[in-house]
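Engineer: Sequence:
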Amino acid sequence: MLISRAVYTIAPLWAGLTHAGWDYIIAGAGPGGIIAADRLSEAGKKVLLLERGGPSTAQTGGTYTPSWGIQTNLTKFDIPGAFETLFSDTNEYWWCNDISVFAGCLLGGGGSVNAGLYWYASDSDFSLASGWPTGWQNHAPYTAKVSSRLPSTDHPSTDGKLYLEQSSTVMGQLLNSQGYSQTTINSNPNSKEHVYGFSSYDYLGGKRAGPVATYLQTALARTSLVTLKLHTPVTAVVRTGGTITGVQTNDTSLGPNGVAPLNPGGRVILSAGAFGTSRILFQSGIGPSDMLQIVQSSGNTAATAHLPPAAQWINLPVGYNVSDNPGVTLVFAHPSIDAYDSWANAWTNPRPADAAQYLKNQSGVYADASIKLNFWRSYVGTDHKTRWIQGTVRPGGVSYAMTNFPFNASQVFAVTVYLSTGLTSRGRLGIDNDLNGVPLVQPYFTDPADESTLVTAINDVIASVKNVPGLKLITPDNTTTVANFVRTYADANLLSNHWVGANKVGTSPTSAVVDVNTKVFDTTNLFVVDASIIPSLPYGNPTGVIMSTAEQAVAKILALQ
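Using my numbering, the first residue of the sequence shown is number 2, and each one after it goes up by one.
Treat the hints loosely; a few may be bogus.
Label-pair distances were calculated between CB atoms; the ranges are [what the hints assert, rightly or not]: (1) Ala312 <-> Ser101: 30 to 38 angstroms; (2) Ala222 <-> Asn92: 28 to 36 angstroms; (3) Leu205 <-> Asn485: 42 to 50 angstroms; (4) Ser411 <-> Gln174: 16 to 24 angstroms; (5) Pro353 <-> Leu205: 33 to 41 angstroms; (6) Ser149 <-> Ser192: 17 to 25 angstroms; (7) Asp124 <-> Ser101: 33 to 41 angstroms; (8) Ala222 <-> Ala312: 41 to 49 angstroms; (9) Glu93 <-> Arg352: 19 to 27 angstroms; (10) Gln218 <-> Thr64: 13 to 21 angstroms; (11) Ser411 <-> His156: 19 to 27 angstroms.
It is worth saying that the hints were derived from the structure and are not from the lab.
Don't be surprised by glycine CBs; every beta carbon is placed ideally from N, CA and C.
Based on the sequences and whatever the hints tell you, model everything.
Structural biologist: Written as structure tokens, this is what we have:
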């Protein structure tokens, strides 16, 4: 089993690099940055795409392959069934080591380490009510671009079959008793009221795909326009007042002292995620004064190299307005369930027949991540505001079984109930004294109406257990109430790592960080294109909305003169 830390080597990409500038420099090769690089180069722009991490999938030069006794070039990031093991590996080099929550530091960013759940954007996701400014509501053509480049699938195995679907069947019975209807979720993205369906993924050919397998490949084919550099972090933008002239990196081949320069009229796009983009802004003298003062007093010469004098700081609410889906996991048992050992051995000691089937033709259990079913409905909270919940269903989940009562671990499945669109709690992220990215104020249940709504939703699910013969609730057990269970649920377990809003789009620099064209206020040529500009949480996992946001953002950026 080999782990590559080498630079991604497609020779034409940077053979013979000079210190000439670029039209666009993009910091971060996650979904937003990759889509931006593709669409900008498609428009004839010279693009430098910088990623602080290394390769991911086999297609990108990744070599972290399984030791299953069968030769393969497929990596942990190719194989959907390896998802759960990303959090329990002995060498988790793909996680950012300077951010206190899980964040992907590798090519593809969060899109290379998430489950791959993929929901096409709905009208609500870009509505005025969801906090988007006027001019963003016509998302349909951009969402169509996304779905045409990367169609979703709810049958990812190459043989067209579904595997380990017992939990879907059992949960479907429970939901049917509550008036839900089964549907193909992405066939009608606007329909989320009392619906459930098989989980939809951004996989192609039984492998993780996402922007890495699609947008990145067309970008890299434009060898005269696109330069990709891995293991190349951006610490700050270099600016004179509000005009950016380049970015600071660790690579002196890009420019003197590692400063990659822009061409005249060039632009920088930050796509490093909520925590990464915010830190680059702080180290560039952009953000709240308390964060900039931490940088100033850090004693870190690399971090302060381009921090301007305090008189030139740009005061913007970077890191505020943060939201993330609070999720509470219930554990059930049913005699029909194969818990699949709660995925504990999925990477190190797989069931031989399943491993062989997958490596032969990318079919079977490993062609799918653990999540099998999703459901949605709305609730009106105690404050008379409508909030939506999303549920996910997956076999296994013994680690969530908090009970002293005996249960059959081989028959458990987990249901996580998340609060999504309409939640009103907000938090704040920033940096600590070591300049690590951290949540400063957790975004969970700062509004008690969010907590009470989630309690109501969980009580509804539990109330219908009696409608399914043989179904037993394991967690929470009868020694507690749902309200107390939720109230005492640890923040570390609530988090979903769907961080949005830290650099939200808007019309005023008092409440937003970027304007309607995603340009950072009080700058002339600095933009943000990642999840952090999204003002509030969408109905479901945000990958599809992030991609549609990136498509629309690039169109707006290119339209600027």
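Engineer: Does each hint fit the structure? Answer for all of them.
Structural biologist: We went through each hint and held it up to the structure:
| no. | hint | verdict |
| --- | --- | --- |
| 1 | Ala312 <-> Ser101: 30 to 38 angstroms | holds, 32 angstroms |
| 2 | Ala222 <-> Asn92: 28 to 36 angstroms | holds, 32 angstroms |
| 3 | Leu205 <-> Asn485: 42 to 50 angstroms | holds, 44 angstroms |
| 4 | Ser411 <-> Gln174: 16 to 24 angstroms | holds, 20 angstroms |
| 5 | Pro353 <-> Leu205: 33 to 41 angstroms | violated, 26 angstroms |
| 6 | Ser149 <-> Ser192: 17 to 25 angstroms | holds, 21 angstroms |
| 7 | Asp124 <-> Ser101: 33 to 41 angstroms | holds, 35 angstroms |
| 8 | Ala222 <-> Ala312: 41 to 49 angstroms | holds, 46 angstroms |
| 9 | Glu93 <-> Arg352: 19 to 27 angstroms | holds, 24 angstroms |
| 10 | Gln218 <-> Thr64: 13 to 21 angstroms | holds, 19 angstroms |
| 11 | Ser411 <-> His156: 19 to 27 angstroms | holds, 26 angstroms |
The structure fails to meet hint 5 from the earlier list, while all remaining hints are met.
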